[in-house]
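Undergrad: Take a look at the letters that make up each chain.
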Amino acid sequence: MTEATAPTATETNRGFSLAAIPLWAQFAAIIIFGVLLSLVWDGATRWPEAWTVPMAAWITEFIEWLKSEATIFGVEFKEITRGIGAALKAPVKWAEYLLYRGFKGIGLGPLPWVAVAAGVTIFAHWVGGRRLALLCVLTMIYLATFNLWKDSMKTMTIVIVAVPMAALLGVVLGIWVTRSQTASRIISPMFDLMQATPHMAYLAPVAALFAFGPVTALIATVIFAMPPMARCTILGLQTVSSDVLEAGQMSGCTKRQLLWKVALPSSKRTLMLGLNQVVMQTLAMVVIASIAGATGLGHKLLYSLQQLRLGVAIEQGIAISLIAIVLDRLTQAYAYKETDHFAATKTWTQRHKHMLLFLGILVVSYIAAEYWRWVKIPPSKFVWGTGDAKTVLFDAKLLARHADQAIRDFNVVAFDYINPIRDWVTIWILLPVRDFFLWLPWPVFVGVIGLAAWRLGGLSVLLLCLALMFSFIVTGFWVETMKTTYLVLIAAALCVMIGVPLGIWAARSERVANIIMPICDTLQTFPSFIYLIPAIMLFRIGDFANIFAILPYATVPAIRYTYLGLKRIPPVTIEAAIANGATRMQRLFKVELPVALPEIMLGLNQTIMMALAMTAITALIGSTDLGQEVVRSISTQNFGRGILAGFFIAALGIIADRLIGSWAAERKRQLGVA
Amino acid sequence: MKNLLKGVALAALMLAPGMAAAEVESDEPIIIVQNNWTSQLVLSYVVGKTLEKMGYTVEYAPSDSQLQFQAMADNDMDFQVEAWEGSMKSAFEKAAENGMLDAGTHSALTREEWWIPNYVLETCPGAGSWEGLNRCAEQFATAETKPKGRFVGPPADWGKNYADRVGALEMDFEAINVGQAATLWAELQSAYDRKEPIVLFNWTPNFIESKFEGQFVDFPAPSDACNEVKEWGPNPNATGDCGAPHSGWLKKAASPRLPEEWPGAWAALQKVDFNNAQIAAAALMVDVDGMEPEEAAEKWIEDNGDIVKSWME
Numbered sequence: 001m002t003e004a005t006a007p008t009a010t011e012t013n014r015g016f017s018l019a020a021i022p023l024w025a026q027f028a029a030i031i032i033f034g035v036l037l038s039l040v041w042d043g044a045t046r047w048p049e050a051w052t053v054p055m056a057a058w059i060t061e062f063i064e065w066l067k068s069e070a071t072i073f074g075v076e077f078k079e080i081t082r083g084i085g086a087a088l089k090a091p092v093k094w095a096e097y098l099l100y101r102g103f104k105g106i107g108l109g110p111l112p113w114v115a116v117a118a119g120v121t122i123f124a125h126w127v128g129g130r131r132l133a134l135l136c137v138l139t140m141i142y143l144a145t146f147n148l149w150k151d152s153m154k155t156m157t158i159v160i161v162a163v164p165m166a167a168l169l170g171v172v173l174g175i176w177v178t179r180s181q182t183a184s185r186i187i188s189p190m191f192d193l194m195q196a197t198p199h200m201a202y203l204a205p206v207a208a209l210f211a212f213g214p215v216t217a218l219i220a221t222v223i224f225a226m227p228p229m230a231r232c233t234i235l236g237l238q239t240v241s242s243d244v245l246e247a248g249q250m251s252g253c254t255k256r257q258l259l260w261k262v263a264l265p266s267s268k269r270t271l272m273l274g275l276n277q278v279v280m281q282t283l284a285m286v287v288i289a290s291i292a293g294a295t296g297l298g299h300k301l302l303y304s305l306q307q308l309r310l311g312v313a314i315e316q317g318i319a320i321s322l323i324a325i326v327l328d329r330l331t332q333a334y335a336y337k338e339t340d341h342f343a344a345t346k347t348w349t350q351r352h353k354h355m356l357l358f359l360g361i362l363v364v365s366y367i368a369a370e371y372w373r374w375v376k377i378p379p380s381k382f383v384w385g386t387g388d389a390k391t392v393l394f395d396a397k398l399l400a401r402h403a404d405q406a407i408r409d410f411n412v413v414a415f416d417y418i419n420p421i422r423d424w425v426t427i428w429i430l431l432p433v434r435d436f437f438l439w440l441p442w443p444v445f446v447g448v449i450g451l452a453a454w455r456l457g458g459l460s461v462l463l464l465c466l467a468l469m470f471s472f473i474v475t476g477f478w479v480e481t482m483k484t485t486y487l488v489l490i491a492a493a494l495c496v497m498i499g500v501p502l503g504i505w506a507a508r509s510e511r512v513a514n515i516i517m518p519i520c521d522t523l524q525t526f527p528s529f530i531y532l533i534p535a536i537m538l539f540r541i542g543d544f545a546n547i548f549a550i551l552p553y554a555t556v557p558a559i560r561y562t563y564l565g566l567k568r569i570p571p572v573t574i575e576a577a578i579a580n581g582a583t584r585m586q587r588l589f590k591v592e593l594p595v596a597l598p599e600i601m602l603g604l605n606q607t608i609m610m611a612l613a614m615t616a617i618t619a620l621i622g623s624t625d626l627g628q629e630v631v632r633s634i635s636t637q638n639f640g641r642g643i644l645a646g647f648f649i650a651a652l653g654i655i656a657d658r659l660i661g662s663w664a665a666e667r668k669r670q671l672g673v674a
Numbered sequence: 001m002k003n004l005l006k007g008v009a010l011a012a013l014m015l016a017p018g019m020a021a022a023e024v025e026s027d028e029p030i031i032i033v034q035n036n037w038t039s040q041l042v043l044s045y046v047v048g049k050t051l052e053k054m055g056y057t058v059e060y061a062p063s064d065s066q067l068q069f070q071a072m073a074d075n076d077m078d079f080q081v082e083a084w085e086g087s088m089k090s091a092f093e094k095a096a097e098n099g100m101l102d103a104g105t106h107s108a109l110t111r112e113e114w115w116i117p118n119y120v121l122e123t124c125p126g127a128g129s130w131e132g133l134n135r136c137a138e139q140f141a142t143a144e145t146k147p148k149g150r151f152v153g154p155p156a157d158w159g160k161n162y163a164d165r166v167g168a169l170e171m172d173f174e175a176i177n178v179g180q181a182a183t184l185w186a187e188l189q190s191a192y193d194r195k196e197p198i199v200l201f202n203w204t205p206n207f208i209e210s211k212f213e214g215q216f217v218d219f220p221a222p223s224d225a226c227n228e229v230k231e232w233g234p235n236p237n238a239t240g241d242c243g244a245p246h247s248g249w250l251k252k253a254a255s256p257r258l259p260e261e262w263p264g265a266w267a268a269l270q271k272v273d274f275n276n277a278q279i280a281a282a283a284l285m286v287d288v289d290g291m292e293p294e295e296a297a298e299k300w301i302e303d304n305g306d307i308v309k310s311w312m313e
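Here the protein sequences come in this chain order: A and B.
For the first sequence, position 138 (counting from the first letter as 1) is numbered 138 according to the numbering used here, and the numbering increases by one without interruption.
For the second sequence, position 96 (counting from the first letter as 1) is numbered 96 according to the numbering used here, and the numbering increases by one without interruption.
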């Protein structure tokens, strides 16, 4: 689709003499030239080893040097990072004392679980009413009955420290970008880079530079979760309608007031989308950070998977999802909460009844916890009666074992049907496409992408793409990069084929949306590790399993952004279409989809980013691409290769982003919706 | 005014941990590394609980099995009870150069080799040895490896190149490497449930022997000559035509600060020693009996009071 529509847009607008040559001929010329070159010169197929820049080794040596010898103004670099680590440790420690350790110094236990559960529920009732409170109650009961309370609290310690840090940092950076051209030029590409870099690539260097343990997890989490907040701040501020701003100016707002009282509040919805993303990303990262010293649900989950206790892993995964959904709903409800305009007429106790109730429960539960252990920590078994008459009401372990058995039984039955499909797709689609990418001489790849970049986005995009492409060619990562490209292209194509229709369907029917959107939330928050084991059991090691494991995670943005894009269309536009006598289909294809296209494209962009990030996770199945390099670097401490591989994954994402972005911009201009 | 109050309250909260931490730090915790396989978890709890009995404060920290050694060299973590020769040798030795301490070797011996479930012997009776296995290579073929058999190998970074051995022994197998240990077990579980022929990388002691029935495949015994002299072994034209050692070491590792700050703990930890049967029994309590690792450790200490006592003296 990209190639098909681009020429009409560009040919008429550019005065280059090249435009006289048909576009297909230009591409054909590049391809033929590249292939012929590869026939006479081996270096066109594989970059000559003698010319390879040993960048990976340099980076590894640099980090080793930083860690051991570097000094800044006489202070060892290592000491500085350690200092930062120690400073960050304070809030983490405090959260730990509060949630599960207790303040040993003053003999005060951690918050009793009854108080935490009641507190969350009361807050939920205050911001979102009864339904939200019910969701919270159910979640708390789930965590308690499945014996996951303490691990949940361990996970929450990092979350409650990381989310505010990431959100605040994101808003500040976002505001700065909208204010300053220079900042925009430096920071925007950094965000692209950071967000496109897989979670795991952060861990090893952060662990090397900072103290090992929760602080590493915290830093990696904040870095990883911050960009969506900044992005949404930028988007929100840039899309504030000029009428609103003018109204603000007319009422004599200062620049600062205009930002804090007008622009930010009126972009609240977009900002909350950002916060939502921060929460989701934080949880996702905290789970993965368990391999670098974070305790909690992620660590337990990894262990369960390692033992093939899928049932337990699913229970733990659901806990993570539930926590994410509760946090998400709470933040959203808080954002949409109406200001109480009658507050002044109420008494102090009326206004603070929720707070007072919570304080009451807190004090009572602390006292009660001294007498009954189950107030402090949820009981590990739910038993009715005493002595011989005891009956176990609920046993999470037994349930998990049944789930294990069910998954294995399903595998035995389904394998005979699924295996032929898997073999067919592998032999006739996956392997040929992979072989094609491995055969591809690099001048063809560079030429085709370069030409597309130039025609779509002009010189600056061309230069950026060329620089990124040569970065992995000259450092000797061509083969790994091509394997990643192939995996991600196939996965993204599948995601769009599944996600866009689902998004359209959801936008057309409220009932469908009510089903699909919670599923999206769950899929995105459900720890991606879990998909791996069933994928391996059903499909065995191979690219088919890799792609299958990418899908659930990477389809979500395609659905979500299509839905949002269609929902955001002003009613006037649709009414105009109806008034003009458009049928339902015409309305969808001629009006709604084109108008929603920028949003859908943002979704495709996100899908590609997520698929790229997932390659580092699916590497655990067994692959030989960039994702594998990232994962392996953590255990081999070959930081250079890991960081570079992470960078190249990001580079692929940025190239895709620029091509799609330029095309979308051009398209919008054509449609007159820009 | 309201905001100011909030700010003051927040500042007070931020200070609190520092004060609380100072209280706790009067007996600085010894940080014991935990990995994600059963025996290690149980043994680390056994060691931790022993230290607690001696009056030390103990904390557990999860870690990657390779990153942990550098963390110990940096004094971020203090003790690891299971360091395997097969998969951790290079990270262990590298960290030892940077200051990490070798806290002694267990009696337990470790072996890593190709492994088959017993039902494979029904369709391929000779599979107990590499030659017999090779005769029915085709039974192990998949779409990607056809007509060769598939050997499911360990993660590529575990430092073993089975493709080389397959080449040296001229076997009709292709080594497909997994990304992590769990993938091996998922493949095994899936094949085992369907009684499908499979040959994969495995090691002992681990929980597999308590859950699945099977055996190691015998290869020509390793020797220095095997890796240096081409004429040695079944293939006169290649080196490396032999199996892995049958008895690798299992070590303990410690941070350099451990002997300095807790000399008593250091003395005890050096005495800690497990053999194969003890490790397998520890894993069994969790993997088969369904205990939590911590419960299993308590039971182990109860059952082996004398041994624990001998460490504490």
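Quick caveat, the hints were computed from the structure, so don't treat them as lab data.
From a predicted model like this one, the values you see are computed outputs, not experimental measurements.
For glycine and all other residues, C-beta sits at the position ideal for the given N, C-alpha and C.
Each hint should be verified, as a subset may be incorrect.
Lysine-lysine pairs mimicking PhoX-like chemistry, simulated, CA-CA at most 20 Å apart [unchecked claim]: (1) K89(B) to K211(B); (2) K397(A) to K211(B); (3) K67(A) to K251(B).
Selected chain B positions facing chain A (in silico; Cβ < 8 Å) [what the hints assert, rightly or not]: (4) W37; (5) G104; (6) T105; (7) A156; (8) Q189; (9) P256; (10) P259; (11) E260.
Undergrad: With reference to the structure, classify each hint as holding or not holding.
TA: These are the hints, each one checked on the structure:
1. K89(B) to K211(B): Not OK: K89(B) and K211(B) at ~27 Å, beyond 20 Å, violated.
2. K397(A) to K211(B): Holds. K397(A) to K211(B) sits at ~18 Å (cutoff 20 Å).
3. K67(A) to K251(B): Answer violated: K67(A) to K251(B) is near 27 Å, above 20 Å.
4. W37: OK, holds: W37(B) within 8 Å of chain A, min 6 Å.
5. G104: This interface hint is violated because 23 Å lies over the 8 Å limit.
6. T105: violated, 23 Å
7. A156: With a minimum Cβ separation of about 7 Å from chain A (threshold 8 Å), the hint on A156(B) holds.
8. Q189: Check passed: Cβ of Q189(B) comes within 6 Å of chain A, closer than 8 Å.
9. P256: Violated, because the Cβ-Cβ distance from P256(B) to chain A comes to roughly 15 Å (cut-off 8 Å).
10. P259: violated, 20 Å
11. E260: violated, 19 Å
The earlier numbered hints that this structure contradicts are 1, 3, 5, 6, 9, 10, 11.
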